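Now for the letters of each chain:
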Amino acid sequence: MLKNIDNKINILIILNLIILNYFFFIFESLNFFVKINFLLFVMFSILYLIKFEKNKFLIIFILFIIIIALGTPTNAWDARSIWLFKAKQIFYDQTIFATNNNYALFAHSNYPNLVPAFVASLVNVLGYWNEIYPKIGVTLMFVPGIIIISSFFDKNFFLFFLSIMLFIIGKFFVNGELDGLLSVYFVAVILTLYSFSKRKIIILSEYLTLISLLIILSLIKVEGIILLVSIFIGFAMAFLKKNNYSKKIIICFLISIIPFLLWNYYCFNSGIENNSSLNSISIKSLNDRFLNFENYILIFDHLILNDKFLFGLIFFVISIFCYKSKDLLIIGASISLLYILFLFVIYLSTPLNLEWHLNSATRVIKPIALFLSILALFNIFNKKYNYK
Amino acid sequence: MTFLINKKIKLIVIIIIFLQLFYISNKRLDFEIQILKKSFLPEYGAQFIMSNDILELKEVSKKLKLNEFNISKSLRNNVFFYQRSIEYLYPIKINNNLKNIFYANSEMTPINCIEINKYKYLKLIKC
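From first to last, the protein sequence lines are chains A and B. With this note's numbering, the residue at position 146 of the first sequence is 147, and numbering never jumps. With this note's numbering, the residue at position 44 of the second sequence is 83, and numbering never jumps.
Note that these hints are calculated values from the structure, not bench results. The structure displayed is predicted, hence computed values, not measured ones. C-beta atoms are modelled at their ideal positions from N, C-alpha and C, and glycine is treated no differently. Honestly, I wouldn't trust all of these hints.
[Stated by the list, open to error] 27 Å max Cα-Cα, derived DSS-like pairs, lysine-lysine: (1) A:K172 with B:K112; (2) B:K76 with A:K384; (3) A:K249 with A:K57; (4) B:K46 with A:K385; (5) A:K199 with A:K249; (6) A:K57 with B:K49; (7) A:K309 with B:K77; (8) A:K57 with B:K46; (9) B:K77 with B:K46; (10) B:K102 with A:K385; (11) A:K384 with B:K49; (12) A:K36 with B:K162; (13) B:K157 with B:K104; (14) A:K52 with B:K49; (15) B:K76 with B:K97; (16) B:K112 with B:K77; (17) B:K66 with B:K49; (18) B:K47 with A:K156; (19) B:K102 with A:K172; (20) A:K9 with A:K285; (21) B:K112 with A:K384; (22) A:K385 with B:K47; (23) B:K76 with B:K112; (24) B:K47 with B:K77; (25) A:K52 with B:K47; (26) B:K159 with B:K138; (27) A:K156 with B:K138; (28) A:K36 with B:K66.
[To be verified] Across the chosen pairs, the derived CB separations fall in these ranges: (29) B:L58 with A:M238: 38 to 48 Å; (30) B:I48 with A:S283: 36 to 46 Å; (31) B:N116 with A:L205: 34 to 44 Å; (32) A:F345 with B:Q73: 22 to 32 Å; (33) B:K132 with A:V126: 24 to 34 Å; (34) A:L338 with B:N139: 38 to 48 Å; (35) A:I10 with B:L58: 30 to 40 Å; (36) A:L311 with B:K66: 48 to 58 Å; (37) B:N116 with A:I204: 51 to 61 Å; (38) B:Q73 with A:L338: 29 to 39 Å; (39) B:E98 with A:F345: 32 to 42 Å.
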């Protein structure tokens, strides 16, 4: 019977198992379901990959990145200090609220716990912690995102997609940090929304898939909500006036930010703090830096003169030039510019030393680098082979 | 259509993907077969990440069945030691008010404090 499940329903189930897992860690009485939930995630993922006939290579690819994750020490700073530490806290205390007692401020108690909760559910299945295997929980969370993106490509283009993704995300597939994961879900949302804009009939399960993707995107990292807002504005500029279903998409966006708002409301009400305001905005710093042109050059140097971002940008420009697509140009340009503008504001207003804070620039620009590259590939594939 | 299904292109891209995977695992990360083989052993892997003093701190804390631990100001100012010890020792939690404090052997024992025990890298002081 399971084999007969439609692919779209299957992916919807997989995405919702990730969200449900989070829900089960909110209420301690539901902890029992965490293990079952994780095993169901694995089962439905395998089921999908087996049925995923056009891109069999994906199974090999996923196996390889899991093997690499299992064969490397977990030594990335943020992975240890934030994400896997949160997962460890959730595993030992069996609740996502374990991370919110202001214990160890460096772990940024107010950051979303969706991914750590997923990692904790993997550790729950095995029943013990070690310093190597828990990070494959992060790697496994890539699976639904990659499945969704790869469904937009075929044959050799699918292989190009994997290669580009490896080039841009690289070690972030396996090192326990979340910037790669954020990038993949960001691109998955955009391609899903773009496919909506090209069709007249969209069924309920597809809207639910979009909501699930948006919820996950907003709860991976704090940048997720900014990417979500950028997507919303970017698509509004390209399509809002053209389509009669735009109201439904707005509703999808509104529903999907509810978990993010609830989480932040809870943090605000509980006095949950953040270490050294790493992601906060200081008006004083903004005032001090705003008129100093050197700061813009410094940010530009770290953020824009990044090899992966430049690759994405050049590839995107060439693809738009060769295979003209006004919609994709508007989407690509508006979303990228909005997000980059946001990053400029964040860096200009950081209360920390700007040069030190800019060490994160190569990570935070990854979503846009991947987005532009995949959009360029999609544009070529779409124009040459008329993707439907 | 030929580009889409061209077998030579397919083969080349697959080789590139494997080269990328090889590059990531060996050049960008420190992949080791030994780690892979033992990756599911309980408590495994800390020796590749933690310094000896942190490993000792956990070992001693477990041996003494501590629920909480405290470290000297100097160790707390060492960001690596501070963050790694907190996340590695969890669920044993740091408590700055504890009278029993771990110092590095290289640190002077404060006046009015008694050395309870000395280990290879650390010493336990009661203040």
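So, going through the hints one by one against the coordinates:
Distance check on the hinted pair: A:K172 and B:K112 sit about 35 Å apart at the alpha-carbon level, beyond 27 Å; violated. Distance restraint check for B:K76 and A:K384: the Cα-Cα separation of roughly 46 Å exceeds the 27 Å cut-off, and the hinted pair is therefore not satisfied. Between A:K249 and A:K57, the direct Cα distance comes to roughly 34 Å. Violation of the 27 Å bound is thereby established for this hinted pair. A distance of roughly 18 Å separates the Cα atoms of B:K46 and A:K385; the hinted pair therefore holds under the 27 Å criterion.
At most 27 Å may separate the alpha-carbon atoms for a hinted pair to count; A:K199 and A:K249 meet this at roughly 15 Å. Of the pairs offered as hints, the one joining A:K57 and B:K49 holds, with about 13 Å between alpha carbons and a cut-off of 27 Å not exceeded. Among the hinted pairs, A:K309 with B:K77 is inconsistent with the structure: their alpha-carbon atoms are about 34 Å apart, more than 27 Å. For the hint pairing A:K57 with B:K46, the CA-to-CA distance comes to about 15 Å; that is within 27 Å, so the pair holds.
In summary, the hint linking B:K77 to B:K46 is not supported, as the alpha carbons are separated by about 38 Å, beyond the 27 Å threshold. Distance restraint check for B:K102 and A:K385: the Cα-Cα separation of roughly 66 Å exceeds the 27 Å cut-off, and the hinted pair is therefore not satisfied. Restraint check for A:K384 and B:K49: the C-alpha separation of about 20 Å stays at or below 27 Å, so the hint holds. As the CA atoms of A:K36 and B:K162 are separated by approximately 41 Å, the hinted pair breaks the 27 Å bound.
For a cut-off of 27 Å, the pair hint linking B:K157 to B:K104 stands: about 17 Å separates their Cα positions. For a cut-off of 27 Å, the pair hint linking A:K52 to B:K49 stands: about 21 Å separates their Cα positions. A threshold of 27 Å between alpha carbons decides the hint, and for B:K76 with B:K97 the separation of about 24 Å falls inside it, so the pair holds. As the CA atoms of B:K112 and B:K77 are separated by approximately 36 Å, the hinted pair breaks the 27 Å bound.
Between B:K66 and B:K49, the direct Cα distance comes to roughly 25 Å. Compliance with the 27 Å bound is thereby established for this hinted pair. For the proposed pair B:K47 and A:K156, the alpha carbon gap of about 12 Å is at most 27 Å, so the pair holds. Taken as a hint, the B:K102 and A:K172 pair is broken in the structure, with Cα atoms around 36 Å apart against an allowance of 27 Å. With a C-alpha separation of about 49 Å, the suggested pairing of A:K9 with A:K285 is violated against the 27 Å cut-off.
A threshold of 27 Å between alpha carbons decides the hint, and for B:K112 with A:K384 the separation of about 63 Å lies outside it, so the pair is violated. Restraint check for A:K385 and B:K47: the C-alpha separation of about 19 Å stays at or below 27 Å, so the hint holds. Pair hint B:K76 plus B:K112 does not hold up; C-alpha atoms about 39 Å apart against a cutoff of 27 Å. Taken as a hint, the B:K47 and B:K77 pair is broken in the structure, with Cα atoms around 38 Å apart against an allowance of 27 Å.
Under the criterion of a C-alpha separation no larger than 27 Å, the hint pairing A:K52 with B:K47 is consistent with the structure, at around 26 Å. Straight-line distance between C-alpha atoms of B:K159 and B:K138 comes to about 21 Å, which keeps the hinted pair within the 27 Å bound. Distance hint between A:K156 and B:K138 is unfulfilled; the C-alpha atoms sit about 65 Å from each other, more than 27 Å. A threshold of 27 Å between alpha carbons decides the hint, and for A:K36 with B:K66 the separation of about 35 Å lies outside it, so the pair is violated.
For the hinted restraint 38 to 48 Å between B:L58 and A:M238, the CB-CB distance of approximately 40 Å keeps it satisfied. Restraint check, B:I48 to A:S283: a C-beta distance of roughly 51 Å breaks the suggested window 36 to 46 Å. At roughly 56 Å, the beta-carbon separation of B:N116 and A:L205 lies outside the given 34 to 44 Å, and the hint is violated. For the pair A:F345 and B:Q73, the supplied restraint of 22 to 32 Å is violated, since their beta-carbon distance comes to about 45 Å.
At about 25 Å, the beta-carbon gap between B:K132 and A:V126 stays in the expected band of 24 to 34 Å. About 56 Å separates the C-beta atoms of A:L338 and B:N139, a value inconsistent with the hinted range of 38 to 48 Å. Restraint check, A:I10 to B:L58: a C-beta distance of roughly 37 Å satisfies the suggested window 30 to 40 Å. In this structure the hint that A:L311 and B:K66 lie 48 to 58 Å apart at CB is violated, the actual value being about 21 Å.
One distance hint, 51 to 61 Å for the beta-carbon pair B:N116 and A:I204, holds here, with the actual separation near 58 Å. Under the hint 29 to 39 Å, the C-beta atoms of B:Q73 and A:L338, about 47 Å apart, miss the expected range. Taking 32 to 42 Å as the suggested C-beta distance range, the pair B:E98 and A:F345 does not conform, at roughly 47 Å.
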